[in-house]
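**Student:** Sequence:
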Amino acid sequence: MKRILYICFALTLLVLLLYSCSKASRPDDWENLKYVADNYSLEDAKSKGYVVMENGSVTFGEDIWQDFVDLTEKKKPCKIRVSHYYTIDDSSRYDPAYYESIKDEYPKMYTFEIVYNGETFNESHYEEKRLYQSDFKYLMRYEGKAETYDATYTSYVRYVLVNDDKVTWDDIMHGMLSSKFGANIPHSSIYTKLVFKEGYR
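Using this note's numbering, the letters of the sequence shown correspond one by one to residues 1 to 201.
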């Protein structure tokens, strides 16, 4: 009787394992990044186990992202894909002529692949059919209140790839807004979780 119960228990565990593996593909099963850029939909990205950001904030795969972060903190090689999906705002927020010129470009999605080799991060993505690749030394976590009073969110958590672990998010923002030559700080903002104000998102 005990042997039968043991077999049933083992089979149950096997079924659960197979079910969990079927929900998201492993990195070894991922399609070529160019194919993903040209063909994947939002649902495709989710079904493959990519982390998904929609209009600037994570909506799917927070646990997948945290697993990746945990592995990098242990210096274990790993990789992840994060899809950034954008829709166009309400037409009333745009100049009519400008809205007409860009509306057919949306929705759009960019998928970032981050490969960590135990020491450095390589980030790759396609944009307008062109492959962009960059190497970074650090994955930084920034947390704080909204940068401006009129933002649609109250606070943020951001993970950003940089080459200087002393750089702050304020430094990065200042560099992006500065008109001074050389002020921009090389970085790649990969993951963001926003806490939205009531009535937004």
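Derived from the structure by calculation, the hints contain no laboratory data. Just so you know, not all the hints are guaranteed correct.
To be verified - Below are the DSS-like pairs computed for lysine-lysine, each with C-alpha atoms no more than 25 Å apart in a straight line:
(1) 108 with 48
(2) 193 with 79
(3) 108 with 74
As the list claims (entries may be wrong) - Distance ranges between label pairs, derived from CB positions:
(4) 178 with 124: 23 to 29 Å
(5) 154 with 90: 44 to 50 Å
(6) 95 with 141: 15 to 21 Å
(7) 134 with 96: 17 to 23 Å
Ideal Cβ positions, reconstructed from N, Cα and C, are used throughout, including at glycine.
**Student:** Which hint numbers doesn't this structure obey?
**Tutor:** 3, 5, 6, 7
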